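Novice: Residue numbers (my numbering), protein chains in the order written: chain A, 1 to 313; chain B, 1 to 298; chain C, 1 to 264.
Simulated from the structure, these hints should not be mistaken for laboratory data. Keep in mind it's a predicted model, so treat the numbers as computed, not measured. Here a beta-carbon is modelled for each residue, glycine too, at the ideal position from N, C-alpha and C. Among these hints, one or two may not hold up.
[Unchecked claim] Residues of chain A clear of chain C, computed beta-carbon distances all greater than 12 Å:
(1) 8
(2) 16
(3) 63
(4) 142
[Said to hold, decoys possible] From the structure, some residues in chain A lie toward chain C, with a derived Cβ separation under 10 Å:
(5) 28
(6) 67
(7) 158
(8) 196
(9) 202
(10) 209
(11) 210
(12) 257
(13) 259
(14) 263
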Amino acid sequence: MKWLGLGLVAVGAFLSAVLLGPAHVPLAGALSSDIVRTLRLPRAILAFLVGGSLALSGAGLQALVRNPLADPFLLGLSGGAGLGAVVALALHVASPWALPLAAFAGALGAMALVYRLGLVGGAALDPRILILAGVAVGAFAAAVTTAIVSLSDAAELRNAFLWLWGGLSGASWDSVRLVALYAVLPIAVLLAAARPLDLLALGEEPARHLGADVEPLKRRVFLAASLLTAAVVAVSGVIGFVGLVVPHAMRALWGHRHRTLLPAAFLGGGALLALSDTVARVAVAPRELPVGIVTALVGVPAFAFLLRRWTAN
Amino acid sequence: MRRWAHRTHLAGLLALAAGAVCGRGGRAPSGPLAVTDDAGRTLTLSAPARRIVSLSPAVTELVFALGAGDRLVGRTTWCDYPPAARAVPSVGDGLNPNIEAVAARRPDLVVLYRSPLNETAARQLERLGIAAAVVRQDRLEDVARAARLVGRLVGQEARAEALADTLTRLVTQPAPRAHTRVAFVVWDTPPMVIGAGSYLDQLATLAGVENVFHDIGPASAVVALETLATRDPDVIAVLRDSAASGPPAFARRAEWQVIRAVRERRFVYLTGSLFGRPGPRAPQAAAELRRLTEAPAR
Amino acid sequence: MDRELILDVRDVAYRYPGASTDALAGVSLAVRAGTVHAVLGPNGGGKTTLVRVALGVVAPRAGTTTILGRAAAAWSRRELARVVGVVPQQEENLFPQRVRETVLLGRYAHLSLWGAERPADHAAVTRALARADVLDLADRWVWALSGGEYQRVRLARALAQEPRLLVLDEPTASLDLRHEMELFELIRTLAAQDGLAVVLITHHVNLAARYADRVLLLAGGRSAGDGPPADVLTRETIERVFAWPVAIAPFDGRPQMIPLRKHP
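Take the sequences, apply the hints, and build the full model.
Specialist: Below is the structure:
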């Protein structure tokens, strides 16, 4: 029953993303319209992929670091991506793929650094140190970024921050194909980790005794969630709130079993972002709002409502 | 299109009227050489300035246009016109300037671009005993007023008045009918265009060019690609310095091909120095924009 | 007839990385099916370390550990979870769950990667709940349980694994008298009726003496005695290991330790 509801919401979100927009496209001609086929369709699909990936990563990371406040950007990835993008801009790299690639490389660099810092004496990842390392690396990257910006040509780099604030404006069939192909493996790894993550919620030692291979599990989840987030940031900048709130919202409805939570989070995150993007495109047309603002404006009241229901139980 | 001509007409009249009524822009209260700048500050010079530091490229152009170029002792790194300006030593940035570098040039007048940080800089300069004037230069109507202000400070009021008249006439004369529809794209991720609040939009009107995003109020705004596609401009204008060549990077991206002007590679390149600076070259800028849009580069 | 040897730890030594002394040295532990083997000793004596080494969580510096005849290191975590059920000292359940759900987690090692829980798994859960005497709590929220109830639920989860060996680390640490007794009774029943081998780490010397078949006394990482309670828990040994004067009095055929007062 709930799945039916979620499915309907997802389909509805997708359709509204494809059929609604600042440009008026009559319903009859929708499928043959250039705007729909070249712009709206890939953008809607990308919204689902990005939103779903963020929510899935968020849920995985919350289980990994055993902290409900965890979010995909907790581990320094957004700082690293920003730094990469700003360096690419400062060096005036010409290629259209320069920004996304540089952001991706920056995010990966941050991930590697946080991972290295989070390893305590050998192969064990300590989740508490991961969080601290993530905050530190993110802050450091942000500081370097600000330094570069303040020393360089203001206009271009201000525009870099616009990009970082997040948006799906660069969506194309190319980027959809790229993200879809790339994301399959990390998504599969996270979904497969559903049961062991349930065990991890009891603590590392109990999980180990119940049969989970805890160290490889932590590494897999960290790497998959980070790689997924890095790709998402490269393609659409930093879209906050989805990765933090959607898992909690889905928990309020589906409970904590990750076998149902993870797929629900993916669908819910995708639907939320698609809907938010539609609002971002339509609300102040012809201008466009940054989608991260809309996800917060839409997400916060919904989350507050769910929170009240949850604490009332 | 006639709507816009009336609008600019009206704007020009209002600017003149405001100038007359408010007593700003070179209309000195009293004293040897007393002047109220665009931040409402009053400065007094005992004689026309002999050593001027200009912290704004448009002001540098003004100083030269008023025949006081030989008295310029400091400029910003971005002041590149006229060519003679390059011979003047640079004191760094115009926004949030380096006070020590400025003071090292021993000026008796410093002119700054109006922004909150610069107003603080102006106060610091005054504490060092250097007269500092803050000038607003965002729109066409600011240029005439700035000309009169600077003219009074350098003792070239006659030339300043002539220049101001030319610029005012430019604004008040009926604008030509728009013959080309243009979108001014200043950034691609996300797509940003110029709106009615920008100097570039004013130039467009003077040049008989219709900014398809004239309905957007602010100077610039983010729009969706599909909006750009639907508005279907004949030409896309891009700000760029002379070093680059060929179509802009975003022209190669798949999703931008929905826009006819991108598909057909109908681009126009505007140099930042001429088109980004509300200054004495405004008439040339308008003429150049008209010329470029009548025969766009490929 | 000797009962089957489930866990065989021989002469193990272990030192924590960076430590200057061994946490364990020359310790052996042999646990047979249907018996309860208590591990006693003062804090820091190496009890929990012994369990880690015994279950292959860490590798010993010397000595061997075999479980059901196979070296501990040769067992994968998943395989081991099908034969050994552990109730560790601490557990924090981050998310609210119902009792049945949390016991179901014990079936993890029996499930395939993508497959759903089968009727056999649910049946095993029900059986475990019954054996741990918490079947009537099956639909309650875990956070609403009392300390004693929660301990039995954790025991049920371990039983849901359908293990041959049960390891309990200080299971009665925070329980009151009644719940403590009930748990010991339950453990005894599980060993006697279901043939489980049980390793029980506990502070409670007297209850261990009453309920265990064998006792291993650990002090400073070394064995101070391993055998039936009456043999190990002598006055001299206890006074040496616990550094406190005691008297020993028999009860029910088992030695009971009575700590003496120093000041009248």
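Novice: Each of the hints needs a verdict: does it hold here or not?
Specialist: Going through the hints against the structure:
Non-interface status of residue 8 (chain A) relative to chain C is upheld: no Cβ of that chain comes within 12 Å, the nearest being about 24 Å off. Listed as a non-interface residue, residue 16 (chain A) keeps its Cβ farther than 12 Å from every Cβ of chain C; the least gap is roughly 33 Å. Consistency note on residue 63 (chain A): stated as away from chain C, yet its beta-carbon is not over 12 Å from all of that chain's, at 8 Å minimum. With a least CB separation of 30 Å from chain C, residue 142 (chain A) remains clear of the 12 Å interface cut-off, as annotated.
Evaluation of the residue 28 (chain A) hint against chain C yields a violated restraint, the C-beta minimum of about 43 Å exceeding 10 Å. Look at residue 67 (chain A): its Cβ gets to within about 9 Å of chain C, closer than 10 Å, so that hint holds up. For residue 158 (chain A), the shortest C-beta to C-beta distance to chain C is roughly 42 Å, which exceeds 10 Å, and the interface hint is violated. Satisfaction of the interface hint for residue 196 (chain A) is found here, the shortest Cβ-Cβ separation to chain C being roughly 8 Å, below the 10 Å cut-off.
Evaluation of the residue 202 (chain A) hint against chain C yields a held restraint, the C-beta minimum of about 5 Å falling below 10 Å. A hinted interface residue such as residue 209 (chain A) counts as satisfied when its beta carbon comes closer than 10 Å to some beta carbon of chain C; here the least separation is about 4 Å, so the hint holds. Checking residue 210 (chain A) against chain C by beta carbon gives a least distance of about 5 Å; that is within 10 Å, so the hint holds. For residue 257 (chain A), the suggested interface contact is upheld, since its CB lies about 7 Å from the closest CB of chain C, less than 10 Å.
At its closest, the beta carbon of residue 259 (chain A) sits 8 Å from a beta carbon of chain C; the interface hint therefore holds under the 10 Å criterion. Hint on residue 263 (chain A) is violated. Least Cβ distance to chain C is approximately 12 Å, over the 10 Å limit.
This entry does not satisfy hints 3, 5, 7 and 14, going by the numbered hints stated previously.
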